[in-house]
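There are 2 protein chains.
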Amino acid sequence: MPERSPAELDAEEFRRLGYAVVDWIAAYRAGVADLPVRPSVAPGFVRAQVDGPLPEQPRPLEELLGLLDDVVVPATTHWQSPNFFGYFPANSSLYSVLGDALSSGLGVQGMLWSTSPAATEVEQSLMDSLAGAIGLDPRFTFAGGGGGVIQDSASSAALVALLAALHRSNPGWRADGVDGLERVYVTAETHSSLAKAVRVAGLGERALHVVGPSPGSLAMSPRALAAAIGADVAAGQRPVLVCPTVGTTGTGAVDPVREITAVAQPHGTWVHVDAAWAGVAALCPEHRHLLDGVEHADSFCTDAHKWLATAFDASLLWVRDACALPAALSITPEYLRNAATESGAVVDYRDWQVPLGRRFRALKLLAVIHGYGLEGLRAHIRGHVALAEQLAAWVRDDPGFALAVPPSLALVCLRVITGDGPEADDAASREVLERVNASGAALLTHTVVDGRYVIRVAIGAVTTDASHVEALWERLRKERG
Amino acid sequence: MPERSPAELDAEEFRRLGYAVVDWIAAYRAGVADLPVRPSVAPGFVRAQVDGPLPEQPRPLEELLGLLDDVVVPATTHWQSPNFFGYFPANSSLYSVLGDALSSGLGVQGMLWSTSPAATEVEQSLMDSLAGAIGLDPRFTFAGGGGGVIQDSASSAALVALLAALHRSNPGWRADGVDGLERVYVTAETHSSLAKAVRVAGLGERALHVVGPSPGSLAMSPRALAAAIGADVAAGQRPVLVCPTVGTTGTGAVDPVREITAVAQPHGTWVHVDAAWAGVAALCPEHRHLLDGVEHADSFCTDAHKWLATAFDASLLWVRDACALPAALSITPEYLRNAATESGAVVDYRDWQVPLGRRFRALKLLAVIHGYGLEGLRAHIRGHVALAEQLAAWVRDDPGFALAVPPSLALVCLRVITGDGPEADDAASREVLERVNASGAALLTHTVVDGRYVIRVAIGAVTTDASHVEALWERLRKERG
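Respectively, the protein sequence lines represent chains A and B. For what it's worth, numbering that gives the first Met the number 0 labels the leading residue of the first sequence as 0, then goes sequentially. For what it's worth, numbering that gives the first Met the number 0 labels the leading residue of the second sequence as 0, then goes sequentially.
I should point out that these hints are in silico values taken from the structure, not numbers from a laboratory. Treat each hint with caution, since some may be false.
Intra- or inter-copy, both count: the list cannot distinguish identical chains.
[Unchecked claim] Listed next, the in silico SDA-like pairs over lysine to any residue satisfying Cα-Cα at most 25 Å (straight line): (1) 477 to 416; (2) 477 to 337; (3) 477 to 338; (4) 477 to 389.
No experiment lies behind these values; they were computed from the predicted model shown.
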């Protein structure tokens, strides 16, 4: 019989290398605040150093760690820096690093209940408990006839919600596909993942109806939505899904979920609430109003990997009908048939997502919740919100700056004021942002509101504290000149 | 100014807890061979122990590790056990655990080049180098005008290939969606992810043409494909994509890629080669024939997370046209605009996939390649293939068993022979499989070939060696009685 000589590590060697990896991560995180947040590298810088044939023989781990130090770190945008204020935060707290390592260590495939009962049920239980912790209506729990699932991203959550909506709106969808009559409602501020989902699902951009805002706001107008749906229905079209956003990417605007569901429901239109960034704030009672009306929606999504201290990927999706996703997505070839599935007593999460395979994602979130406690997570969120309020106060008090919109949770949108009119303010705002980013002292990104260039300050890195926001404010004032 | 008191770990505490996690993983892996591969738990077993409110205050990590020991491990199907022979392997080698932990530690979002130049370029470089290592045509590399990307799964790879094909076949697809004339060609043995992709993309099952096999085989008949495409074209339909499989899930059958591309190309039909399990074997020159004809295909997918020692998720997708996926998938809102993207000099991987966000997945694969060396990975594959050949020889020599089909690489498909006819053999095969699984000594799954129940033995766990295959064979013989 042939023998194998596996190159796999034994326990002792794994412990040695594992400790070295832990040490590397500890040192990286301990020093990340001192690194330029944005690297000053040109396209091709990394490839010039790493291109070439792969090693034929094993190399010591120290070499890989050296490559990280010498090439990767200098060419990395440091999302875990406390001076990172771009996009939205991508919390990868050290607790979640530990939990994710345990998931890799277990190495299970959670596609079916039978391929990992624990991965499935821990996720079900966690999603039910979290629903309670954020004040989501019990009908979104498995106990209440709905249920939660951890997706890779809010993009994928929106896509599967749309697929469930397509199936619900047309029982022939699985057999015959889309029919060209579908309509999906968003605003100009809705995340681009909705447009992407509409494209992926074969509807084409023509299916996308961009509903206008209520006067003086960036939030969806329920009246405009009602008019749009009414006109579409009169024209023989089918209002399949509307996506209100709780905390838009640009400015943190909040669409009126309650009014939107009231408009949508008589038409059987699926309401998917995208609270990717802001939703986790509902852990705090003072922010629970963010969920107002969500009890009437069909699905609700918020990302643990943005502001809830959990390493990507961990997008939390709840649906009010536990059958909705499997009804749309299930396909069972012979090699996936098993007694547990056929008993109907279990959840097979493969039917709640597009990919077949899946990691034990709940573990990293569980590690965070155990590490922080819910109170610690509330403090994490409250701290950032308080910092944003302080920054906004400084902006209000400085004639050289202005708030573009009122701050939303921990997101502050501001503009440079030159006194020379809005075009000059646009140019100055752009220049200040570029100088801040070039300095490496902080990283900011921008958006456009009502045609005007706006600097976004998204506070939320795990280690961001008052000193970092103070330093950012000083830097903004300095770069304004 | 408000102060925060972050609950985040400091370096010293992280090292202490990190070492404990490493120790836990080392102990789990050291002991996994002795655990029942399949847990004997009923639905609800885990929930009954973990349900309840989440902790308000932090809990020590030891409690979480205790939960793993007491609840999770006893309720886990142990994919990393050397006695796991079900489905396909889900290698999560300890090297990849280390690399993945480093990725979580860096905690970058690789959606755009500018949001992590290193994550993007290391992935590009690795995919180019790996293409060379498996003998893929250079036109699949960035240097050759194509390029590679790490997807979460072969399901998602098939989906984005289909979307690129839809766009190529109909320039109006982005605006108008699908038109109902699309046709997609598979076989009865093609993975169910293709049917799922067709459904997700809005084509409906009616778009799916199941092409028959060549006589006496389970492989797609190029002649039947030509007839199907010809008839569809004559009927005014559009042959959008054909998916030949290199190593089907059921039995490891290999569709004739060269002949299929010859049939498809005159019609502009996209050829997506699904080699999810088998493709990595092309690292070995003696298996490189698996790629025969792939140089004429449009896309090629193989999973590092199946048999290439890399923790899920790491599905390797190459396309021959670097513009194909961005052309189909790109959408750029204001908040994602940046100078690097607009220069056209960089790859933004968000446009190569459905989700926006993405991890630094290349790191775990790089850690594996550094740890094993390409020679070590070839030994890993060759060892399993040799074990499969030995098992197949034993089956051939035992009148109580028969091979259902010739072994394919490390997959052996067998049946119990009773002498009482095929129905009795079916029943006996099912019973033997169930007894083996119930014993916990090994885990097997099944398929159906030509209407007959077949036991699949997929050899490929990282630590499986001769002793485990010998034990399996003894167990099979014992349970046959």
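Do the hints match the structure? See the list:
1. 477 to 416: within (14 Å within a copy, 83 Å between copies)
2. 477 to 337: between (65 Å within a copy, 23 Å between copies)
3. 477 to 338: Cα proximity of residue 477 and residue 338: across copies only (23 Å, versus 67 Å in one copy).
4. 477 to 389: Cα proximity of residue 477 and residue 389: one copy only (18 Å, versus 73 Å across).
Going through the hint list in order, the structure satisfies each hint without exception.
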